[in-house]
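Engineer: Use the sequences and the hints to build the structure in full.
Number of protein chains: 4
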Amino acid sequence: MIGSSAGAPERALRLAYEVGLELGRRGAVLVCGGRGGVMEAAAKGAKEAGALTVGVLPGLSRAEANPYVDVAIPTGMGHARNAINVLAGDAVIVIHGGPGTLSEAGLALAYGRPVVALRGSGGVADLLAGRTIGGRRVHSADSPAEAVELALRLAGGHT
Amino acid sequence: MIGSSAGAPERALRLAYEVGLELGRRGAVLVCGGRGGVMEAAAKGAKEAGALTVGVLPGLSRAEANPYVDVAIPTGMGHARNAINVLAGDAVIVIHGGPGTLSEAGLALAYGRPVVALRGSGGVADLLAGRTIGGRRVHSADSPAEAVELALRLAGGHT
Amino acid sequence: MIGSSAGAPERALRLAYEVGLELGRRGAVLVCGGRGGVMEAAAKGAKEAGALTVGVLPGLSRAEANPYVDVAIPTGMGHARNAINVLAGDAVIVIHGGPGTLSEAGLALAYGRPVVALRGSGGVADLLAGRTIGGRRVHSADSPAEAVELALRLAGGHT
Amino acid sequence: MIGSSAGAPERALRLAYEVGLELGRRGAVLVCGGRGGVMEAAAKGAKEAGALTVGVLPGLSRAEANPYVDVAIPTGMGHARNAINVLAGDAVIVIHGGPGTLSEAGLALAYGRPVVALRGSGGVADLLAGRTIGGRRVHSADSPAEAVELALRLAGGHT
Chain L
1 MIGSSAGAPE RALRLAYEVG LELGRRGAVL VCGGRGGVME AAAKGAKEAG
51 ALTVGVLPGL SRAEANPYVD VAIPTGMGHA RNAINVLAGD AVIVIHGGPG
101 TLSEAGLALA YGRPVVALRG SGGVADLLAG RTIGGRRVHS ADSPAEAVEL
151 ALRLAGGHT
Chain X
1 MIGSSAGAPE RALRLAYEVG LELGRRGAVL VCGGRGGVME AAAKGAKEAG
51 ALTVGVLPGL SRAEANPYVD VAIPTGMGHA RNAINVLAGD AVIVIHGGPG
101 TLSEAGLALA YGRPVVALRG SGGVADLLAG RTIGGRRVHS ADSPAEAVEL
151 ALRLAGGHT
Chain F
1 MIGSSAGAPE RALRLAYEVG LELGRRGAVL VCGGRGGVME AAAKGAKEAG
51 ALTVGVLPGL SRAEANPYVD VAIPTGMGHA RNAINVLAGD AVIVIHGGPG
101 TLSEAGLALA YGRPVVALRG SGGVADLLAG RTIGGRRVHS ADSPAEAVEL
151 ALRLAGGHT
Chain G
1 MIGSSAGAPE RALRLAYEVG LELGRRGAVL VCGGRGGVME AAAKGAKEAG
51 ALTVGVLPGL SRAEANPYVD VAIPTGMGHA RNAINVLAGD AVIVIHGGPG
101 TLSEAGLALA YGRPVVALRG SGGVADLLAG RTIGGRRVHS ADSPAEAVEL
151 ALRLAGGHT
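Chains as they are written, first to last, in my numbering: chain L, 1 to 159; chain X, 1 to 159; chain F, 1 to 159; chain G, 1 to 159.
None of these hints come from the bench; they were simulated from the model. Built from N, CA and C at the ideal position, the CB exists for glycine as well. Check the hints yourself; a few may be wrong.
Unchecked claim - Derived Cβ-Cβ restraints for the label pairs, each shown as a range:
hint	chain 1	residue 1	chain 2	residue 2	range
1	L	Arg-153	X	Arg-137	50 to 58 Å
2	G	Arg-131	F	Arg-11	17 to 25 Å
3	L	Gly-36	G	Glu-48	47 to 55 Å
4	G	Ser-143	X	Pro-67	33 to 41 Å
5	L	Arg-14	F	Asp-142	53 to 61 Å
6	L	Gly-156	F	Ala-145	38 to 46 Å
As the list claims (entries may be wrong) - Straight-line alpha carbon distances no greater than 35 Å define the calculated DSBU-like cross-link-like pairs of lysine-lysine that follow:
hint	chain 1	residue 1	chain 2	residue 2
7	F	Lys-44	L	Lys-47
8	L	Lys-44	F	Lys-44
9	F	Lys-47	L	Lys-44
10	G	Lys-44	X	Lys-44
Structural biologist: Right, here's the structure in full:
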């Protein structure tokens, strides 16, 4: 799951929480950037539904992680860690998002990971939903449940 | 300068070559991903105008670089090297581009590097030109000369 | 835990397995490079004792991980991922080891993570045990139990 | 060239300067970590002998580089940039050195780059000179001229 650490509207946070819940209900592991905002809301939802949550952090300390992250991986690499974030998941769900999220969507497409943008969450998700970039498609979903359903289905084709 | 290694149309390659020429005439150093396509066209132009050219490569060997790269830096980091690519420049010019370029534009915005998209070159450049993402603006230029002029001016405010 | 993926003698693998068991008994999380040899032996021990095991992989696919890794993080960064390996742990135990392990010990010292070398396991561990490098000490332990005890104690001072 | 940014004795700085001079006389490009201490001394020597100097920096800004670096590459990756440092050279010369240098020597061996340690410069260089680690040899030289001669010869076999 990728999305903004700050500046996301209430609606995006609620959608992120629901995506987390849904991932947890399906028995998935949530991987995210480990910090606040959309990432924290999704991790909270996933945790409440019993999922294991992983946060790949930009800085040097596990203390950077939000309280819903079980396994915190500090990288000391700043935004270069965005590449790891998307590689660690079998599919990527985009919720709202700013510059960092834009880079993660690009990295996921470059590495061939399936990308699903949650339409209506604003930001980068709405900019990219349904577009084809360099021959690679950004899939579009209209609700948290649909986004998770689609991501898990697309992840099946990937190892 | 960021842009696709493959799949760019003839028009984008010509624009990239002209951006390279213009950068060289202005005494700038060209930093790029070091490989083919748009990157090679820009490096060729820059070299012909006497510029020093630097290529930050995804793989392990300097042999990956196109023939117009003076200083080749293999990183062995795949697309995670995209972060270095944009940090090594004082401003970023986007020409055409696919998923890797999308990630580089996002990384440049995230790191606060000025980004100028060459409108009319297609791909990611046309998608992003003039947009504001998470409060950060992607500047727009309509010709190679204007793109270089704008990039050098914006770079002045950055160290 | 850091150590060779290949070429380690039987004795080093047995010691690694015992370090893993001991970490699991103490309720620690094992973080390692996720591949074979010493890493696999330690992960096997940790798993058998009920620990959560994390593997930070050099390549692009989770399929690279050994069968005892619960959370596999592909990085696509080759040996540059060694920096993450040591940052993700609160203390580092060195068992046997070749060039990659040497780099990890150096990175751990550079980042200020406590380093404990298991004396008698051969390779890099025996080379570094008890030495001071640039003012930073490589601690020495003579058994798996002592190494884990010391690592957990030193980790207490670190966050 | 790899070596400490701080804490190196006068003798090590003098040797580094001579290695730089010698590399410049032979027409080599000097790649280093770009900061102070041994790196700055070597870059100063190389520059005086007319070499192009490249510095791969840990932080986000080119302003981190010492004044003798021509091409500064900020990476924002902290010590993970050590992997790039050694990949960017065709051979690696170790002068004195602490934890960061230890990691770079390990990374160079792991990536199969030839490593030459300048015996008598202290620190990591003296610890590693002449040793075999995981089947890979750290070559030993007794003077700056011998170190450069050996490094250039060994680099010939590498691309």
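Engineer: If a hint holds in the structure, say so; if it doesn't, say that too.
Structural biologist: Status of the hints after comparison with the structure:
1. Arg-153/L - Arg-137/X: 50 to 58 Å: 37 Å, violated
2. Arg-131/G - Arg-11/F: 17 to 25 Å: 21 Å, holds
3. Gly-36/L - Glu-48/G: 47 to 55 Å: 50 Å, holds
4. Ser-143/G - Pro-67/X: 33 to 41 Å: 37 Å, holds
5. Arg-14/L - Asp-142/F: 53 to 61 Å: 55 Å, holds
6. Gly-156/L - Ala-145/F: 38 to 46 Å: 44 Å, holds
7. Lys-44/F - Lys-47/L: 27 Å, holds
8. Lys-44/L - Lys-44/F: 31 Å, holds
9. Lys-47/F - Lys-44/L: 27 Å, holds
10. Lys-44/G - Lys-44/X: Distance ~31 Å between Lys-44/G and Lys-44/X Cα, so the pair holds.
In summary, the one numbered hint that this structure violates is 1.
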